[in-house]
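*Asks:* Residue-level listing of the chains:
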Amino acid sequence: MTDPKGRVVLSKNAMEEILRLATLNVYGVTGLAPVTFAERFTHALTLLSSPKGVDVQLRNDGVIEATVHVRLQYGLRVSEVARTICSQVRYVFCSMTGLPEDRVELNVVVWSIRVEREGQ
Amino acid sequence: MKEIGYVELEELFKAGLASLESRKAYVNSLNVFPVPDGDTGTNMSLTLKTALEEADRAHPRTMKEFVSALSSGSLIGARGNSGVILSQIIRGMATAADNKLALTTADFTEMLVKATEVAYKAVVTPVEGTILTVVRRMAEGASGLHLEDYADYMTEIIRIGRQAVQETTSQLPALAEAHVVDAGGEGLVTLLEGMLMSFRGESPASARLTLENEPEEQVSQQELTYRYDTVMLVASDSLPEDEIRAKLTERGDSLVMASAGGLTKIHVHTNEPYDTIKFLMQFAPIREGRIEDMQYEADAYTAAKNPRADQSPATRAPVVGCSDQNVDRAYVVVSPGAGFDEIFRKLGAHIIVSGGDTMNPSTEAFLEPIKTCNAKSFMVFPNNKNIIMAARQAASLAGKDVQVLDSRHPVQAIAALVQLASCGPDDDAIAVANESIQATDFFSVTRATKDATVSGLTVHEGDFMLLVDDNLVGLGQSVEEALTCLKDSPVAWADKSLISIYRGSDCADTAFDALTETLATRFPDLEIQAYFGGQAFYDIVGSVE
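Respectively, the protein sequence lines represent chains A and B. When you line the first sequence up against the numbering used here, it's residues 13 to 132, in that order. When you line the second sequence up against the numbering used here, it's residues 216 to 760, in that order.
In isolation and in its complexed conformation, chain A is listed as follows (with noise of 0.2 Å):
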């Protein structure tokens, strides 16, 4: 973003910071799920690291290409949730960053499902 008196940059850590706490808010939504390879595996082996969730590209044409891994809750319509993720995180994040919508292409991988059985 250029403004005539400087600049502002906007990490991609902070867009997957954004984007992180955006999807966590979404109803049906129980947890985000590790991106790449590596952290999968780290992942399995200590259940305690919280996994990143989220990806961030800036793609050559100037659009922001964000992926969502989420698990979401047992017994939820998993299309609808996702249709909710789709519309309430860009809403978010377009409006914190000032991003027109347009500039923003928002994936969401659902990763797994959260089961619990009765009574627990």
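Be aware that a few hints might be false.
Per label pair, the in silico range of CB-to-CB distance [as the list claims (entries may be wrong)]:
1) B/A709 <-> A/D114: 17 to 25 Å
2) A/S23 <-> B/E417: 58 to 66 Å
3) B/A366 <-> A/V127: 38 to 46 Å
4) A/V75 <-> B/T736: 49 to 57 Å
Note that these hints are calculated values from the structure, not bench results. The beta-carbon is built from N, C-alpha and C at its ideal position, and this holds for glycine as well.
Chain B: place on chain A using the hints.
*Replies:* Just chain B now, with coordinates in the frame of chain A:
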């Protein structure tokens, strides 16, 4: 009534649905962003409707069969975020009722508690001020109640629920900014109110009982018998209730009286609010009062919801079948109004699907016509950012060569179709279409339905807003004033040569001509073209290319 079986429970949910249906427009209007595209009421009532249809189909013979059918039906039918949450609430209620033959009020409390538990499970960081808060508060309140009669019990639950709904405004900053209560919470309490009315033998179409200081909703089109919603707070708690009741119901209805702590609140619908005030002042001084014209509100809602009955999307043929079976490539477009239908037809669109804001076509609406058409390939213009998903889903299910373009407004599809008409068989049609979609900025003018603060601008209800590429850029007291803000909008004017504007079904002919003139003087370098669009909600939409 002290116990209910599964037959009664089904009746209760049906009454809840009827109540939701009757207040759908109001719940929809409780959205945070001022553009009229809220759909919480519609989503909740459709979710419950599917659930009940599913339960009906299962022909349940026990409580267990009924609640499990209802629960799975609500899951299948869940629409939108509020629908998903409602499905969890119903699922929770179902698990608690599962092993019972009949339900006492204590069982109902257990259902509410379980509903809260299940609904909260699906969210990591619950925020206060949502439908979740409302269901939790009702469950907590219910746990402290020892009322055996359902009517008394429900009255109390609803009172707690209403209170919780009122408080959502102060709990969530976004709601406070828009001066609204949470739509999902309102929907849930409305559902329970329907249940209460069923216990009382009333139908949701009759006057609603309310003790709250909120506007009475009437969404029917006909003239109201009693026009003014009158609420008076009288400084006495020992008024002759029978006398007042007799006198006020003589020339009014929906009377509610409630006394507490030296005050009595009297709520009545009447045509002579001045007589009501005069009459009440005989007994005690009036502390405060409020009079609302419900006819005005009803008209405003009717107008907002069915801008012009003959042109509303519902009465148009929803899908125009594939007009030419033997084309190589068929264009599928989503059109928001009669005028656009006509324009798209002239531009050679083969399949027209009606839809737009608040009226998103389903995946099936795309799938059906694509399946029945013999064209070799299809190009879909969703024309709304909320419809792109459904179109993509249809594309993946169709089993044919279907391309979905990223068009977010009908005017972008028009630009693309014009370009496509002049392109040869060897050109890359997708690239041509995408290029013209990218090059077309779209704008629209609509009325704010709520006070709100958006992108640093303070919007008042009734203001005309100019949206460019879906972002609010200007405000005005008239369509014209809002439209003049176009000049200052972040459009790259240097490489633009044409402005097209499309008249909505709410915009008068003469006013439209005047607008075209204004634009012509404002933008002397650009060509202005004007058409009839017939879209709802938006007085004007247009494109710059």
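*Asks:* Take the hints in turn and mark each one as holding or not.
*Replies:* Hint by hint, here is what the structure shows:
A C-beta distance of roughly 20 Å is found between B/A709 and A/D114, which places it inside the suggested range of 17 to 25 Å. Between A/S23 and B/E417 the C-beta distance comes to about 59 Å, which sits within the given range of 58 to 66 Å. For the pair B/A366 and A/V127, the supplied restraint of 38 to 46 Å holds, since their beta-carbon distance comes to about 39 Å. Range check, A/V75 to B/T736: Cβ separation about 37 Å, and the 49 to 57 Å hint is violated.
Hint violations for this structure: number 4 only, all remaining hints satisfied.
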